[in-house]
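Peer 1: Input sequences plus hints: build the corresponding full structure.
Residue numbers (the UniProt record's numbering), protein chains in the order written: chain A, 1 to 277; chain B, 1 to 277.
Which copy is meant is left open, so a pair is good if it fits within one copy or across any two.
Here are the simulated DSS-like cross-link-like pairs (lysine-lysine), alpha carbons at most 27 angstroms apart as the crow flies:
id, residue 1, residue 2
1, K78, K117
2, K88, K98
3, K117, K267
4, K88, K103
5, K78, K267
6, K20, K80
7, K117, K98
8, K267, K80
FYI, nobody ran anything at the bench for these hints, they're computed from the structure.
2 protein chains.
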Amino acid sequence: MVRIGYLGPEGTFSHEALLKYAGGNLCAYSIHGYASIPDILYGVHNGEIDEAIVPIENSIEGAVSVTLDIIAADVDLKIKGEEVMNIKQNLMAKKGTKIEDIKQILSHPQPIGQCRKYINSCFPNAEVKCVYSTAGAANEVAMLGGGLAAIGSAAAAEAYGLDILAHNIQDGDNNSTRFIVVSRDDRERTGHDKTSIVFSTEDRPGSLYRILDIFNLWDINMTRIESRPAKNQLGRYIFFVDVVGHRSDEDVKDALTMIKKKTSFFKFLGSYPYSPG
Amino acid sequence: MVRIGYLGPEGTFSHEALLKYAGGNLCAYSIHGYASIPDILYGVHNGEIDEAIVPIENSIEGAVSVTLDIIAADVDLKIKGEEVMNIKQNLMAKKGTKIEDIKQILSHPQPIGQCRKYINSCFPNAEVKCVYSTAGAANEVAMLGGGLAAIGSAAAAEAYGLDILAHNIQDGDNNSTRFIVVSRDDRERTGHDKTSIVFSTEDRPGSLYRILDIFNLWDINMTRIESRPAKNQLGRYIFFVDVVGHRSDEDVKDALTMIKKKTSFFKFLGSYPYSPG
Chain A
1 MVRIGYLGPE GTFSHEALLK YAGGNLCAYS IHGYASIPDI LYGVHNGEID EAIVPIENSI
61 EGAVSVTLDI IAADVDLKIK GEEVMNIKQN LMAKKGTKIE DIKQILSHPQ PIGQCRKYIN
121 SCFPNAEVKC VYSTAGAANE VAMLGGGLAA IGSAAAAEAY GLDILAHNIQ DGDNNSTRFI
181 VVSRDDRERT GHDKTSIVFS TEDRPGSLYR ILDIFNLWDI NMTRIESRPA KNQLGRYIFF
241 VDVVGHRSDE DVKDALTMIK KKTSFFKFLG SYPYSPG
Chain B
1 MVRIGYLGPE GTFSHEALLK YAGGNLCAYS IHGYASIPDI LYGVHNGEID EAIVPIENSI
61 EGAVSVTLDI IAADVDLKIK GEEVMNIKQN LMAKKGTKIE DIKQILSHPQ PIGQCRKYIN
121 SCFPNAEVKC VYSTAGAANE VAMLGGGLAA IGSAAAAEAY GLDILAHNIQ DGDNNSTRFI
181 VVSRDDRERT GHDKTSIVFS TEDRPGSLYR ILDIFNLWDI NMTRIESRPA KNQLGRYIFF
241 VDVVGHRSDE DVKDALTMIK KKTSFFKFLG SYPYSPG
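Peer 2: If you want it as structure tokens, here you go:
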């Protein structure tokens with residue numbers, strides 16, 4: 001049995017992503033709900049579990065900074081897979097609650113960011129409370145009721161017996177989240193792979209350009225670049241880059257060797273197959 | 001009198017940044033505290049106020065996404081100045097409250113992100129509640145007391161009569177926030193200027209590289225690049241870039257003209273003097 005962790009309880013988007021990832025093979029896994037993303041990632045790092053599925057990026061709200069920061073600096077894990085999930089956020093409350101009764105809205109900070117315009121325009125006076133998961137928010141609303149509402153998946157509404165007061169409340173129709181599966185090892189070549197790295201450039205003009213120039217020289221297609229603060233100084237960044245290809249491909253191997261030489265910090269994060277989406 | 005908006009009430013880091021920006025010239029300004037960053041930015045856009053000072057980037061927690069998203073897409077404002085503030089976060093509570101009494105911690109989501117490790121290690125069981133400003137958190141703690149604590153500036157503790165239970169609780173010693181001053185116009189050339197733009201690239205391999213290549217050709221120094229999701233599709237990004245120089249400088253003017261031609265979306269965000277830091 002592969003022990004796999006996710007942001008629990010059941011009914012979270014992470015739980016849905018885990019079910020999609022396991023597919024028909026669910027019986028091969030024992031699944032473990034954790035209370036926070038750091039707990040899950042340290043769980044794999046410390047050997048409590050073998051794998052974990054965590055969100056890394058959302059099409060509206062952007063990077064999940066806690067995931068990026070921990071995999072860049074705090075743990076030594078590899079990405080072995082990804083799942084892209086279409087996300088529909090819903091406003092849910094205890095049966096009988098009316099829209100005009102709602103005084104406080106609970107959710108994870110990511111869905112709150114995804115629904116910022118909706119909250120500001122429909123509930124300018126409501127208090128917004130951040131909790132550790134959408135399902136945790138639904139659970140709290142189910143227990144306390146009153147003027148509370150949660151933002152989360154339809155699965156969470158069903159799991160906690162809540163009514164959906166408003167469907168599809170995210171800002172913009174196209175709301176998807178990319179989850180990564182991390183483990184102590186990445187994946188062998190499948191022929192439709194991508195490779196993730198994180199690096200920081202030297203502190204001189206044109207240094208990021210010189211790195212991207214290496215991909216250009218080797219004709220490697222970069223599919224994503226995400227900057228995060230380097231934390232030691234304002235204006236210094238680390239860059240998360242995804243490229244097409246597997247670490248065992250000749251051109252990827254050569255380009256990474258060169259990039260390692262030309263960066264002040266470099267970490268290989270894994271080669272793994274593309275999500276079918 | 002210049003009407004300038006900030007994230008109020010008094011005692012927030014935005015208020016401190018405003019005092020630093022106005023300097024000896026404070027009597028030339030009438031200052032207006034707003035409840036949220038969107039309210040401030042729309043306040044300038046709608047002509048309620050002439051200028052606003054808002055946070056854009058923190059050295060630990062990264063971009064202030066709400067500021068970036070609004071100036072990129074929703075309002076037509078120019079950046080006319082910046083201030084970099086060294087930020088020290090403190091845990092504060094009503095007089096007599098002990099560390100072990102604390103059940104709930106209130107703050108703005110940015111300081112909560114800046115103090116993530118501290119909260120997780122010292123208060124793993126505390127509830128974390130997001131409010132609109134650090135001073136608002138201090139105010140709520142001063143009114144309700146009980147097991148509540150706020151995270152914010154020493155100025156907020158003083159303004160609301162709270163005791164500081166722990167000083168400098170941010171993750172890492174180097175915690176600074178860059179604020180921008182926005183208005184309907186940017187600034188004339190001072191000789192020590194930078195220029196901010198935001199653009200999205202065409203959806204084909206190497207398109208970001210080709211833009212950075214333009215800066216390289218014109219020998220323009222890029223000081224910052226920040227990616228944000230384009231919101232219409234996962235994997236599409238917009239890029240916020242700062243370069244050294246003023247829009248009226250010949251080389252900056254030529255490079256921007258070329259970049260405008262080579263991008264699918266381009267917006268000039270302003271030329272303004274560097275913060276003395």
